[in-house]
Every structure is written in C-alpha cells, then in structure tokens.
Amino acid sequence: MKKIEAIIRKSKFEDAKQALYDAGIEWFSYWDITGLGKSTEEQIVRGQVFQSSYIHRRMLSIVVRDVNLEKTVNAILDSAWTGETGDGKIFIYDIEDTYRIRTRESGSDALYNKEQGEESK
Amino acid sequence: MKKNILLTISALALLSTKLSAQTTAPTINSGDTAWMIVATAFVLLMSIPGLALFYGGLVRRKNVLNVFMQIFILVAVISIEWVVVGYSNAFGSNSINILKPFIGGFDWAFLNNIGIGDLSPYFISHSQMGLNGTTVGTIPHIVFIMFQCMFAVITPALIVGAFAERINFKGFLIFSVLWSVFIYNPVAHWVWASDGWLLKLGALDFAGGTVVHINAGVAAIVTAIMLGKRRDYKGHAIPAHNITYVVMGAGLLWVGWFGFNAGSGLAADGLAGNALMVTHIAAATAALTWALLDWIIDKRPTVVGISTGAVGGLVAITPAAGFVGIPGALVIGVMVSLVCFCMVAYVKPRLGYDDSLDAFGVHGVGGILGAILTGVLASPFIQSSYSGAIYGNFHQLWIQLLAVGVTIIFSGIGTFILFKLVDKFVGLRASDKHEAIGLDETQHGETAYNNFD
Chain A
1 MKKIEAIIRK SKFEDAKQAL YDAGIEWFSY WDITGLGKST EEQIVRGQVF QSSYIHRRML
61 SIVVRDVNLE KTVNAILDSA WTGETGDGKI FIYDIEDTYR IRTRESGSDA LYNKEQGEES
121 K
Chain B
1 MKKNILLTIS ALALLSTKLS AQTTAPTINS GDTAWMIVAT AFVLLMSIPG LALFYGGLVR
61 RKNVLNVFMQ IFILVAVISI EWVVVGYSNA FGSNSINILK PFIGGFDWAF LNNIGIGDLS
121 PYFISHSQMG LNGTTVGTIP HIVFIMFQCM FAVITPALIV GAFAERINFK GFLIFSVLWS
181 VFIYNPVAHW VWASDGWLLK LGALDFAGGT VVHINAGVAA IVTAIMLGKR RDYKGHAIPA
241 HNITYVVMGA GLLWVGWFGF NAGSGLAADG LAGNALMVTH IAAATAALTW ALLDWIIDKR
301 PTVVGISTGA VGGLVAITPA AGFVGIPGAL VIGVMVSLVC FCMVAYVKPR LGYDDSLDAF
361 GVHGVGGILG AILTGVLASP FIQSSYSGAI YGNFHQLWIQ LLAVGVTIIF SGIGTFILFK
421 LVDKFVGLRA SDKHEAIGLD ETQHGETAYN NFD
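Note that the protein sequences, when read in sequence, are chains A and B.
What the first sequence shows, in the numbering used here, is residues 1 to 121, in sequence order.
What the second sequence shows, in the numbering used here, is residues 1 to 453, in sequence order.
Fair warning: there could be bad hints in the mix.
In silico contact screen, one side only, chain A against chain B (beta carbon under 8 angstroms); selected entries [stated by the list, open to error]:
no.	residue
1	17
2	44
3	45
4	49
5	50
Hints in this document: simulated from the structure, not taken from any laboratory.
Glycine included, each C-beta is placed from N, C-alpha and C at the ideal position.
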C-alpha cells in the first residue's frame, strides 16, 4: 500500500480530479496550501506593486494498493502538467497498514469495496 | 361699521394670540426629528460594523478581532465620555470669557440642565423663535447630542487604521480617551460651537471634514511614525486577509455617510437632499476614478482599490456637502482619488512610515483636500450666503487654509504630547512577541476563524 501526496496548481485541480476518476480512484482528500519559495508572484495593494513570495497550491492525498500506484501517478503527471516552472511535485510513502472501521477489515482489503468488484483501488 | 370694528378687533386679538403662541412655545418638527434619529443610527452604523469591517478586512487574520474590539470599545467608552464631559466641552459655552472661543465649560456635564422637551440650540436652515427671544432649531436638543455623539465616536476610531497590528490594547484605550477629551472636543468647539473661533471667522465645515477627518488623519500619521513600523513591514502594504470584509465595510460606510452628511443640516429639507446627492455622486466618482487608475497604471482594477476610492470620495465631500452642487461633487470625486492614490502608492513608500491601513493617506489627505476644495467650489446656488474662490470669493479659500493649518498644528502637537505621556506611563507598543503571535490571541485570548463544529 502506498500513499501518494501531490502538490499541484489550483488551475489544474479540475483536470486532475477528472483524471483520477477516470483511473478508478473513488475517493481522495485535498486541501489548500501556501508555500514560500524563491519564486514570486506580483501583487497589487492600493496602487503599490510588489513581489509576494507566497505561492498558493493544492495538495491531494490518496492511498492506493501497490497495483494501482503507477496508473494513479501517471494520471496526476498527465493532468497537472503545463510545462511552466511551478507545476508541483508528487511524493510516494509506504503505508504500514489500513483498517476499515465499519467491517474491521485490514490490509489492502480495506482499500477497495469487494461488493463492487476488484477494479477500484 | 360697528360690525367691522368688532371684526377688526377680534382679528387683531386672534393675531396677537397667534404671535404670542409662536414666541412662547416653539414646537418640535416631527419630520426633522424622525430623520435626525435615523441619521444618528446611520452614523453609528459607520463605526460598527462599517469601519470595523473595512479595517478588519485589511489587517492580517491574527489581528482582525483586535481591530473590531478597538472600534467596538471606542463606541462604548466615547459615548460615555460624550455625555459626561464631551458634549459640554465641545458644544457648551464657557463661563470664563477668554476661553469661550476655544473650549466649552461644564454646564452641560452629565447633560445636566438639558430637558427632554428642550429644542436644539444648534440649527442650519430650520429655526424658530424660542423662549426668551433665542433662536432654536426644530429637533430636540437630546437628538442633536446623540447625533454628535456618533461623530465623537467615529473620529478616534478612524485613527485605529494608523497603528493597527502593533499597539498594546491598554495604551490604545487610554490614549484614545485622552485624545477625544483634549483634541477632538476643542476642535469640535472651534468649528461648530456657536462661540467657536473658527466658526466666527467663517470656516466652512458642513459635516466634519476638519473636525473629524483632518483631525483624525493628522493624529494617524503622528501615531504611525511615533509607534514605528510593524516588525515585518517591508515598505509595501501587507495584503488584506479578507477583501470581502473590506467591500462590506466600504458599503456600510457609504450608506452610513448619508446620515453623516445629509443629517448635518439638522433638518429634513432640500439642503439635506443636496448633501445626500453630492455625497453619493462624489463617492461614485472617486470609486470609478480609483478603479481606472488601478486599471491604467497597474493593468487591473482592484477591489481594495475601488473600496478605498469610494471612502476617499466620502471623506472629501464631507466638508462640502452643504455648499457644493453636482459640478463640485464631480471635481472633488476625481481630485481625491488622484491625490490619495499618489499618496498611498508613491509618496508613502518613499517616506517609509508605516500607516498600516492608510488612515492618513485616505482620511487625512482626503479631508485636507475636501476642506480646501470647499473654499474653492462653494456655490451660492446651494446656500446663498456662501461662495468659494471660483465665484470670486478668495477670502473663503484663505479661511479654509487657515482652518486646515491650525487643525493640523493643534492635532499634530497635541497627539505628540499625549502619545509621549501614555507611552511613558502605560506603554503603547505591543511587545515584539505579542505582535508576532497576533493581537487577537495576546490581547483578547480569542481567535477569529475557528474550526469547532
């Protein structure tokens, strides 16, 4: 089992969401993040123009079975790409164990719905 | 013949009773009074929540409650100060002759000697003969007092914009109360009280450009400089944390300003209608001008920009609302956005002081411009006895300049002294640690945006 964390452009979120659905990902969580880096964005307040180093991105978090890792990562790589600096990053972590609270199933069984077939996660 | 004489006598008798009725019992005009009570509520709306939202949205989220609290507590404290000594000092007369033009006495302290049936001794266009041959207005005295109370409240609240995000709450509160007593009340007396020296000189200030905006604006720049820059001020504005608040605040200020300006004629009449109209048109013109400046110079019209422009227009039309017509409103609206835009976009960064929310850049500069332009644009077609430089009355312009200059000097020096005193005995600057954590948490133990279900 792997956890995929991806930092992507807010403008590519809708594309990434669709690509993940198409890849069979049923559920993921996301949140808005603010980063500080060397790159800057122009900001205007009351006629004053200045460079702001606060960069706004969105983070996605998805846990998948090993078999689905590659297609999930590819879905994000393809959908979140613009070619400009600042497209973001994808991190992969090992997951030690997973429990489904309702059925007490554990391991990779807890990651997909048996009743609905094997295709998902 | 006999019948005729009888008729004449009875008519005379009727006439004389009518005359004596007029001189002995002045009456409250319910239309004027109803409008003034509503206008009073409108001016309160300018402070809370109008100005609180406008300023609160512009600060960072760690300081939004502190700004709300500063304005809220001023509404409470200054209202009490107003009925205790403020009104008496500002609008009362002084038993010491030499002080009469400068400050009122204590005859009306705690609103002593003022009955609910008394008519306002202050009036603009609606007046009548009162008892003892005095002339009085058409609204109750206590309504006038409450209307003016709201002006006393909002003036120190405007200064909050200068020292936002870095002042210690206790020091702020003591400073603001002292400022109201020693700076606001005397200047209000000079300009508005019947024996005030600037009023007698002929200075025009319809709704408080000098008393409210220049006064607060100058105090703003003095406190901003004396308090020093915010710890992380880098020479440019720190982006607003919630621009939707800024818009709501500017909108409520605009609505409230109808009470502020159209109420300042103290009557529901044509002059109030003119004030309402020019207030609206000046605000609209200034808002549009600022948006265009943003658009042309910085490529995009900004929401903070249009909100700031509207407020600037409202500030600048304030002294002129009862003296200029539509042409004046248009000129004032365009001029104030040009001048204030240059002030906050170019002059402030050069000079390097940290006026957090441009209390001086908008209220001070806009107020000064408005007061001077009143001396230029005052039109005899609005009030026949007042005209400005474009109608050949240059004298009015000099008086306006004098009133502006005197207010700047008095407010500047007075604020400096009060600041030094409060800073020495109480301390005004928040500690570096408190400033870094945020004043919401360190001054009030609360945070604005919580995720508790």
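Status of each hint after checking the structure:
| no. | hint | result |
| --- | --- | --- |
| 1 | 17 | violated (24 angstroms) |
| 2 | 44 | holds (5 angstroms) |
| 3 | 45 | holds (4 angstroms) |
| 4 | 49 | holds (6 angstroms) |
| 5 | 50 | holds (4 angstroms) |
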